[in-house]
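Colleague: What follows is each chain in one-letter form.
Protein chains: 2
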Amino acid sequence: MTMTDEDGISDADIYDEHGAVRSDFLTEISDAIDRSDRSVIERHVVRLHESELGDLLEALPPPERLTLVRLLGDEFDMTALTQVDEAIRMEIVDQMPNDQIAAGIGELDSDDAVYILEDLDQEDRDEILSQLPFTERVRLRRALEYPEQSAGRRMQTEFIAVPPFWTVGQTIDYMREGEQLPETFTQVFVIDPSFKLLGSIDLDRILRAQLEAKVESIMRETSHPIPAEMDQEEAAQIFEQYDLLSAAVVDENQRLVGVLTIDDVVDVIQEEADEDIKHLGGVGDEELSDNVISTVRSRFVWLAVNLMTAILASSIIDVFDGAIEKMVALAVLMPIVASMGGNAGTQTMTVTVRALATGDLDIYNAFRVVRREASVGLFNGILFAVIMGAIAVLWFHDFQLGIVIGVAMIINLVAAALGGILLPLLLHRFGADPAIASSAFVTTVTDCTGYLAFLGLATWWFALR
Amino acid sequence: MTMTDEDGISDADIYDEHGAVRSDFLTEISDAIDRSDRSVIERHVVRLHESELGDLLEALPPPERLTLVRLLGDEFDMTALTQVDEAIRMEIVDQMPNDQIAAGIGELDSDDAVYILEDLDQEDRDEILSQLPFTERVRLRRALEYPEQSAGRRMQTEFIAVPPFWTVGQTIDYMREGEQLPETFTQVFVIDPSFKLLGSIDLDRILRAQLEAKVESIMRETSHPIPAEMDQEEAAQIFEQYDLLSAAVVDENQRLVGVLTIDDVVDVIQEEADEDIKHLGGVGDEELSDNVISTVRSRFVWLAVNLMTAILASSIIDVFDGAIEKMVALAVLMPIVASMGGNAGTQTMTVTVRALATGDLDIYNAFRVVRREASVGLFNGILFAVIMGAIAVLWFHDFQLGIVIGVAMIINLVAAALGGILLPLLLHRFGADPAIASSAFVTTVTDCTGYLAFLGLATWWFALR
Chain D
1 MTMTDEDGIS DADIYDEHGA VRSDFLTEIS DAIDRSDRSV IERHVVRLHE SELGDLLEAL
61 PPPERLTLVR LLGDEFDMTA LTQVDEAIRM EIVDQMPNDQ IAAGIGELDS DDAVYILEDL
121 DQEDRDEILS QLPFTERVRL RRALEYPEQS AGRRMQTEFI AVPPFWTVGQ TIDYMREGEQ
181 LPETFTQVFV IDPSFKLLGS IDLDRILRAQ LEAKVESIMR ETSHPIPAEM DQEEAAQIFE
241 QYDLLSAAVV DENQRLVGVL TIDDVVDVIQ EEADEDIKHL GGVGDEELSD NVISTVRSRF
301 VWLAVNLMTA ILASSIIDVF DGAIEKMVAL AVLMPIVASM GGNAGTQTMT VTVRALATGD
361 LDIYNAFRVV RREASVGLFN GILFAVIMGA IAVLWFHDFQ LGIVIGVAMI INLVAAALGG
421 ILLPLLLHRF GADPAIASSA FVTTVTDCTG YLAFLGLATW WFALR
Chain X
1 MTMTDEDGIS DADIYDEHGA VRSDFLTEIS DAIDRSDRSV IERHVVRLHE SELGDLLEAL
61 PPPERLTLVR LLGDEFDMTA LTQVDEAIRM EIVDQMPNDQ IAAGIGELDS DDAVYILEDL
121 DQEDRDEILS QLPFTERVRL RRALEYPEQS AGRRMQTEFI AVPPFWTVGQ TIDYMREGEQ
181 LPETFTQVFV IDPSFKLLGS IDLDRILRAQ LEAKVESIMR ETSHPIPAEM DQEEAAQIFE
241 QYDLLSAAVV DENQRLVGVL TIDDVVDVIQ EEADEDIKHL GGVGDEELSD NVISTVRSRF
301 VWLAVNLMTA ILASSIIDVF DGAIEKMVAL AVLMPIVASM GGNAGTQTMT VTVRALATGD
361 LDIYNAFRVV RREASVGLFN GILFAVIMGA IAVLWFHDFQ LGIVIGVAMI INLVAAALGG
421 ILLPLLLHRF GADPAIASSA FVTTVTDCTG YLAFLGLATW WFALR
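These protein sequence lines map, in sequence, to chains D and X. Each residue of the first sequence is one higher than the one before, starting from 1 at the first, in full-length UniProt numbering. Each residue of the second sequence is one higher than the one before, starting from 1 at the first, in full-length UniProt numbering.
Treat the hints with caution; some may be incorrect.
[Unchecked claim] Taking CB as the label site, the calculated pair distances span:
id	chain 1	residue 1	chain 2	residue 2	range
1	X	Ile363	D	Arg38	26 to 32 Å
2	D	Phe367	X	Ser39	41 to 47 Å
3	D	Glu118	X	Arg35	53 to 59 Å
4	D	Arg255	X	Thr135	46 to 52 Å
5	D	Asp433	X	Tyr242	28 to 34 Å
Derived by calculation from the structure, the hints in this document are not laboratory data. Note that the Cβ used here is the ideal one computed from N, Cα and C, for glycine as well.
Only chain D is shown next, with the shape it has when bound in the complex (with noise of 0.2 Å):
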């Protein structure tokens, strides 16, 4: 259904079809900024989804950002800014008077007042706090104590909890009635007098009791309560592993102080799988909208740690100078055995990293895996072996040098395959980060292996010294 207004804007949809904002919508929003138009904002802009508006900000220029923010007013939906980079959300709030954001974020649900919150600096959230009234400035408090990435930081406050003494109807009758409820709920939490968890009710298993019945007849225990200190990913590959909607987040006590839902969850999933990625890739918590100096701030260390690495592994190089003096070919040659033990390690090491992420790799496989990867790193070493054998003795018309690299060449691809799955499975036993510096290590391993199985072999076969 597509409803078209006089300016040719879809109601529809405010994507192309590869997913970005149309340029047709943004040229039109843009002028309307630049000309303080607030009747086309009204009209297009108010009545975006909070993640439309925040992918509209994301694709304006930073000035109009703010002057859109300006001519919103109250009217600028605050939720939008948890669906944008922190970047760009730091710039719009710290261009926002302090009683804009309190007011804005008194409309908020919890857990999305808190994901602008935990930002601010102390002064700023102090003065924004104490505007708010007192209930929700208290819950607000208590939600920014926990640990940041805990289940407490990203569990929203508002929830149904009844006592178990209740029929169905009385609860029906108070969700219709209440107020202060959640915009939207899937499951009704069962307390006791001190608002201990005593189970929960999903809302199809409430609509199809009896009315007469009582809430403790019906309710099921909460098999999973969620600790508030949890870190958000454990609590994810719960919400994963019992495929949940939401959850009681309690406190030590086992007292009900939120719920985590999905939606949150999803998000938390999303950024656990980008940070892998980026770890894997050797780049930290950067995101698109960083500045110049930051970014290179961030990719620096990484890139120091490389030089140490690659500098280690010259220095091997450096012991066989003379060899490489008598026999040039050795220099032209080295680098494939390197390059080739680099990219078995790479994947070995990937398909670890993951594996431990995901929990498929644990002590009962570990032997099997380690062995597999052996296995294949041998083979794969034989089969490269023969094949660059060949393309040496080719080159460089020399058939003993062919059968060294070949040598080299399975040294390194069973180097390979073991620093690729015993360094990321060291690294978890530690308890540190695999996807961080398994690939550093790794390729060390292989640089360092690959030069000095080539070199030292053919040193001693060809009685380079």
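Based on these hints, arrange chain X on the given structure of chain D.
Modeller: Chain X in isolation, oriented as in the chain D frame:
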């Protein structure tokens, strides 16, 4: 709440603190399998959640898996098969008689049934389908006709749909008494007599509505029905964007054919992230349970591509063999220039590939991001030019060599930045998956540029020809 039975196995949790299946539990079950002791298995295994049973199956050695399934007989919850690796699923299903599969599949929600059926060969699939009741057979056949990895394959064909003129009260009565209802649900769909989708109502809305209200007065128009042919990844993006719990799946005539639920979408999100990570690491669609031969095969192609690019880079070195012979230090230092370029290129490429996958990178910011990456490459190039230049001077006591490697470093780090962003953008523009081919292309660029810049500059500067 931990209840320990006489065998010392806690009812509360079968996992140890690392999330692996507890070894005492595993030993207990393993022993019971060896003794064919049905009573222990009934007490401990039948009550497990499907995902726990899946983890147990994965932790057991292959022969015991099959025995366990046989011992469980009709009590084997086939849903567990959707929770294990494909190789293990095939191994178990292959051993089960078709009529047992048919009986088990009849109990499943249609999405789970399709998940298991789609991997079987045509003959087995037809035999199993023929043993199912008519309506179910038709439903499953229809779902199986949609393309692989489409929303139609992942949808559940059990849903609740009511006509618009019903009252809320009638709808609730229908949910209380109706047969053939889905096990759990979070929304009710509204359809016209030809099954055309009119809208949907979330359960919390039904609960808050007056019993005599008409369904059409409280329903929400479904703004994002999912076409059954839509790729599951695209469907997942819609779920993420609009924070959906479930969504109507419609055929080409906008008729309701099923419902896609968030738990399946979470699996899709995980699969897609997995795919990206593996592609970047140069591995295909392999699983930990694959055997040696299929793993060797799947990794061979990537290594062969890498061999060709490595040979290409080495042939550049070969051009400068005379220079290396005169100045062996060049052979020692050249891998450092290439390796730094490779790492810097991988950093940029990782950020780019991820930003393309999440839709953060598009035509509006591409130019800005390319400029940023080039600047970052230049900055880091200058920093590492100074550092590595100094190291080279100290190492080889040759000031001019320091200058040469410094300049080569700057050139290669800028090339790395440009290659790291332009190659994935180009692949994306031409409809290829940037995660697959990028890393091979990017390191080819940085290896070749690194050797060419360093060796070429050195040859010219020191007049080594």
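Colleague: All hints, please: hold or fail.
Modeller: Cross-check of the supplied hints:
1. Against the hinted window of 26 to 32 Å, the Cβ-Cβ separation of Ile363/X and Arg38/D comes to about 28 Å, which satisfies the hint.
2. Phe367/D and Ser39/X have their C-beta atoms about 32 Å apart, which leaves the hinted 41 to 47 Å range violated.
3. Between Glu118/D and Arg35/X, the C-beta spacing of about 55 Å keeps the proposed range 53 to 59 Å intact.
4. For Arg255/D paired with Thr135/X, a C-beta distance near 47 Å keeps the hint of 46 to 52 Å intact.
5. Against the hinted window of 28 to 34 Å, the Cβ-Cβ separation of Asp433/D and Tyr242/X comes to about 32 Å, which satisfies the hint.
Checked against the numbered hints above, the structure violates only hint 2.
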